Amino acid sequence: MTESAVTTLPAARPSFWRDPAKRALVWQALVVLVLAAFVWMVVKNTATNMEQRGLASGFGFLETSAGFGIITTPFIDYAETSNYFQVFLVGLVNTIIVAVVGCVLALALGFVIGIARLSRNWLIQKIATFYIELFRNVPLLLQILFWYGAVLKPLPGPRSLHEAGDSVFFSVNNRGVIFAEPITQPGFNLVWYALLAAVILIFVLRAWARARQVRTGLQFPVFWTGLGLLIGLPLIAFFATGMPLEFKPAEMSRFALRGGVTIIPEFVALLFALVIYTAAFIAEIVRAGIQAVSHGQTEAASALGIKPNHRMRLVIVPQAMRVIVPPLTSQFLNLTKNSSLATAIAYPDLFAVFAGTTLNQTGQAVEIMAMTLAVYLTLSLLTSGFMNWYNSRIKLVER
Amino acid sequence: MNTFSTGSIVNAGDLPDKPAPIRTDGPIAWLRDNLFSSRTNTILTLVALAIVLYAVPPALNWLVVKANWSGGAEACRANPGAACWPFITARWEQFLYGFYPQAERWRVNIVLYVLLGGIFLLAFEKMPLRKWVGLLMLIPFPIVSYFMLYGGVFGLPVVETSRWGGFMLTLVIALSGIVASLPLGIVLALGRRSTMPIMRLVCTLFIEFWRGIPLVAVLFMASVMFPLFLPPDVTFDQLLRAVIGVALFASAYMAEVVRGGLQAIPKGQYEGAMALGLPYWKMMRLIVLPQALKIVIPGIVNTFIGLFKDTTLVLIIGLLDLLGIVQSSINDPNWSIQSVPYTGYVFVALVFWVCCYAMALYSRHIEEKLHTGHKR
Chain A
1 MTESAVTTLP AARPSFWRDP AKRALVWQAL VVLVLAAFVW MVVKNTATNM
51 EQRGLASGFG FLETSAGFGI ITTPFIDYAE TSNYFQVFLV GLVNTIIVAV
101 VGCVLALALG FVIGIARLSR NWLIQKIATF YIELFRNVPL LLQILFWYGA
151 VLKPLPGPRS LHEAGDSVFF SVNNRGVIFA EPITQPGFNL VWYALLAAVI
201 LIFVLRAWAR ARQVRTGLQF PVFWTGLGLL IGLPLIAFFA TGMPLEFKPA
251 EMSRFALRGG VTIIPEFVAL LFALVIYTAA FIAEIVRAGI QAVSHGQTEA
301 ASALGIKPNH RMRLVIVPQA MRVIVPPLTS QFLNLTKNSS LATAIAYPDL
351 FAVFAGTTLN QTGQAVEIMA MTLAVYLTLS LLTSGFMNWY NSRIKLVER
Chain B
400 MNTFSTGSIV NAGDLPDKPA PIRTDGPIAW LRDNLFSSRT NTILTLVALA
450 IVLYAVPPAL NWLVVKANWS GGAEACRANP GAACWPFITA RWEQFLYGFY
500 PQAERWRVNI VLYVLLGGIF LLAFEKMPLR KWVGLLMLIP FPIVSYFMLY
550 GGVFGLPVVE TSRWGGFMLT LVIALSGIVA SLPLGIVLAL GRRSTMPIMR
600 LVCTLFIEFW RGIPLVAVLF MASVMFPLFL PPDVTFDQLL RAVIGVALFA
650 SAYMAEVVRG GLQAIPKGQY EGAMALGLPY WKMMRLIVLP QALKIVIPGI
700 VNTFIGLFKD TTLVLIIGLL DLLGIVQSSI NDPNWSIQSV PYTGYVFVAL
750 VFWVCCYAMA LYSRHIEEKL HTGHKR
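Chains A and B are the protein sequences, given in the same order. Take the numbering used here: the last position of the first sequence gets the number 399, and nothing is skipped along the way. Take the numbering used here: the last position of the second sequence gets the number 775, and nothing is skipped along the way.
Honestly, the hints are just simulated from the structure, not real lab data. Here the structure is a predicted model, which is why all the values come from computation and not from measurement. Certain hints may be false.
Derived contacts from chain A toward chain B, CB cut-off under 7 Å, selection only [as the list claims (entries may be wrong)]:
{"id": "1", "residue": "Ala-36"}
{"id": "2", "residue": "Trp-40"}
{"id": "3", "residue": "Leu-118"}
{"id": "4", "residue": "Leu-141"}
{"id": "5", "residue": "Gln-297"}
{"id": "6", "residue": "Val-317"}
{"id": "7", "residue": "Lys-337"}
{"id": "8", "residue": "Leu-373"}
Per label pair, the in silico range of CB-to-CB distance [as the list claims (entries may be wrong)]:
{"id": "9", "chain 1": "A", "residue 1": "Lys-22", "chain 2": "B", "residue 2": "Gly-717", "range": "49 to 57 Å"}
{"id": "10", "chain 1": "B", "residue 1": "Met-526", "chain 2": "A", "residue 2": "Lys-44", "range": "15 to 23 Å"}
{"id": "11", "chain 1": "A", "residue 1": "Pro-20", "chain 2": "B", "residue 2": "Val-633", "range": "37 to 45 Å"}
{"id": "12", "chain 1": "A", "residue 1": "Leu-382", "chain 2": "B", "residue 2": "Gly-554", "range": "56 to 64 Å"}
{"id": "13", "chain 1": "B", "residue 1": "Met-758", "chain 2": "A", "residue 2": "Ser-15", "range": "46 to 54 Å"}
{"id": "14", "chain 1": "A", "residue 1": "Gly-67", "chain 2": "B", "residue 2": "Leu-760", "range": "48 to 56 Å"}
{"id": "15", "chain 1": "A", "residue 1": "Ile-71", "chain 2": "B", "residue 2": "Gly-717", "range": "44 to 52 Å"}
{"id": "16", "chain 1": "A", "residue 1": "Gln-297", "chain 2": "B", "residue 2": "Phe-519", "range": "41 to 49 Å"}
Subject to a maximum C-alpha distance of 25 Å in a straight line, what follows is the list of computed DSS-like cross-link-like pairs (lysine-lysine) [as the list claims (entries may be wrong)]:
{"id": "17", "chain 1": "B", "residue 1": "Lys-693", "chain 2": "B", "residue 2": "Lys-530"}
{"id": "18", "chain 1": "B", "residue 1": "Lys-681", "chain 2": "B", "residue 2": "Lys-693"}
{"id": "19", "chain 1": "B", "residue 1": "Lys-693", "chain 2": "B", "residue 2": "Lys-666"}
{"id": "20", "chain 1": "A", "residue 1": "Lys-22", "chain 2": "B", "residue 2": "Lys-681"}
{"id": "21", "chain 1": "A", "residue 1": "Lys-126", "chain 2": "B", "residue 2": "Lys-768"}
{"id": "22", "chain 1": "B", "residue 1": "Lys-530", "chain 2": "B", "residue 2": "Lys-681"}
Backbone N, C-alpha and C fix where the C-beta goes; we use that ideal spot for every residue, glycine too.
Let's have the full structure, built from the sequences with the hints guiding it.
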């Protein structure tokens, strides 16, 4: 390049195609156009196809009576005469139950296994590794089918376990887990109040213990006292009111057990498989999180004279949580989404009863799938919203 | 001390020998350090030992020692308390090929051998021409395989996809899913990090939508809704619809993995490329993606492991993959023996476990190779 060329550079004014800003505009307009054309085509095709097949549209079907029974309908009054919207609600409740219980249990089991994986005890560590490698690498659907088809279904039936006319307080058979139904008598409300009081007391206690620790440096065993309060207070109220709780056992009729509380085998199989499978992943996340905390932190904690179990709880785990929480969130989301595999063993979750049975009966695929997907997307958003809130609470505060 | 107090500073005799220090090597020391270092540890060890002794011998007995290795259904019926391997040997061709016609199975075999050969060659990093082998496996191989399996060219008779099944179908779905989802995922990841707002919005919505819904729903949509979206005279093969669903689903996860890699590349690399005057696609192709993809290989392999396990879900829409075909064989009345369902499930679990664990080991190997930081 010569001297003159440098000094006489023209003002930077690229041609239309060379200007990144304009090019970006063109590209984006193109994307919008293509998408619009695609959506328009899909909508048009769907409309024609539905007309051709004589499919109804709109959400009017939700008020039609469903006409089929559902094996378990917790919290919701459901009968065969109920409408499709109630089917939707039953499915939603069943999905949420299995997802919430599954997340809590998987977290607990995963934490234990993850810490066991790092144990200095050789045998414990090997067992944890075996567990993780075994369950992580076998498809979840297979595990669900295994628990359902190979473990729970072959259990003996109630007829071979109980005589007709028996009162049964607890039974595990191929109809599920059945136990006596607790029936509260008048006065039991006091136990609930005691529980509430215990919870409030624990919060007060925690605040007091923290203030005292800041003031004097003395620690107070909040966890054990809290646990004692949580169990003790309701127990005292329970005995003080003269044990106002009765257990009404299930009665064995000629063919089946009547009454009692039943946890159906489909639920048990789904829950077992989801928890065991997800816990293996959570264990790896926990292990990775704990190992991500620099070894210097452990050494510094030891140098300060913090006892080994306190070292884990007060120094390592709080820092590890920052690494653990984001992938943990996606495991919770996975568990929620995977609960839709219930449809393979006919546990009446949202997918099985709504996107399955209801869709087959009404044929309104578009509306039903839209509602189902909206539920899963909302659940995903809620879960990640909650976990993001928790994550921002525990994240590193930099000054 | 005693001698000192009597006035003398010299010991009168030998002091008693000190006990030997505790051994710090050898099996006893190892046991003490690793299993019995404290009271809690000892209790844990004993409990764990009890669990192992309770679980392992019966499992081994069931699987190997007392299992039925030969004979037919009669042998299993006579000994229903242990695994029934003849069930697998009698059916294994079906488990591998599904209902693919007997006379045409050599086609599947050829594709399978080429696939295995390709994977074998790619597994060694020092292999000459490795890049070309990879490229061959990624683009021409799937196309040729499709024509090999489906037929209709070079005088090969057509084999409808409804006759495909078993492990072969599992591989077809998983591999076409991965081959399609990798480029799509890269494009989506680039779109999500683009400076163009509409591009970013579209890609983000696409990714979050597919990540927010279960795969069962995707497959269900592929089988129920997809025909509604198409013009009335166009029909799609059920398998193809499932593969499209799986590929779109996997591409969203792949996009997030790739995005992680893109974010890990220092800004200086982008700026350096721009300073060299490279346009966007050249910058990505020559500078950013080679570095980004390399560090996310473990993530890509993990996504693939997930995809591979998830192919079992196609049984819900009625395709008979390995799990589907075993599941339906279990119900065969000729084999209605107590041990057959367990044997079938254990077999499928074993196949998936071996495949997934091998991939996981490979991913871990890459991870260790890339991990150049300090190790504890």
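Evaluation of the provided hints:
no., hint, in the structure
1, Ala-36, "11 Å, violated"
2, Trp-40, "12 Å, violated"
3, Leu-118, "11 Å, violated"
4, Leu-141, "5 Å, holds"
5, Gln-297, "12 Å, violated"
6, Val-317, "17 Å, violated"
7, Lys-337, "4 Å, holds"
8, Leu-373, "5 Å, holds"
9, A/Lys-22 to B/Gly-717: 49 to 57 Å, "51 Å, holds"
10, B/Met-526 to A/Lys-44: 15 to 23 Å, "52 Å, violated"
11, A/Pro-20 to B/Val-633: 37 to 45 Å, "39 Å, holds"
12, A/Leu-382 to B/Gly-554: 56 to 64 Å, "58 Å, holds"
13, B/Met-758 to A/Ser-15: 46 to 54 Å, "50 Å, holds"
14, A/Gly-67 to B/Leu-760: 48 to 56 Å, "53 Å, holds"
15, A/Ile-71 to B/Gly-717: 44 to 52 Å, "23 Å, violated"
16, A/Gln-297 to B/Phe-519: 41 to 49 Å, "44 Å, holds"
17, B/Lys-693 to B/Lys-530, "13 Å, holds"
18, B/Lys-681 to B/Lys-693, "17 Å, holds"
19, B/Lys-693 to B/Lys-666, "17 Å, holds"
20, A/Lys-22 to B/Lys-681, "20 Å, holds"
21, A/Lys-126 to B/Lys-768, "24 Å, holds"
22, B/Lys-530 to B/Lys-681, "19 Å, holds"
In this structure, the earlier hints numbered 1, 2, 3, 5, 6, 10, 15 are contradicted, and the remaining ones agree with it.
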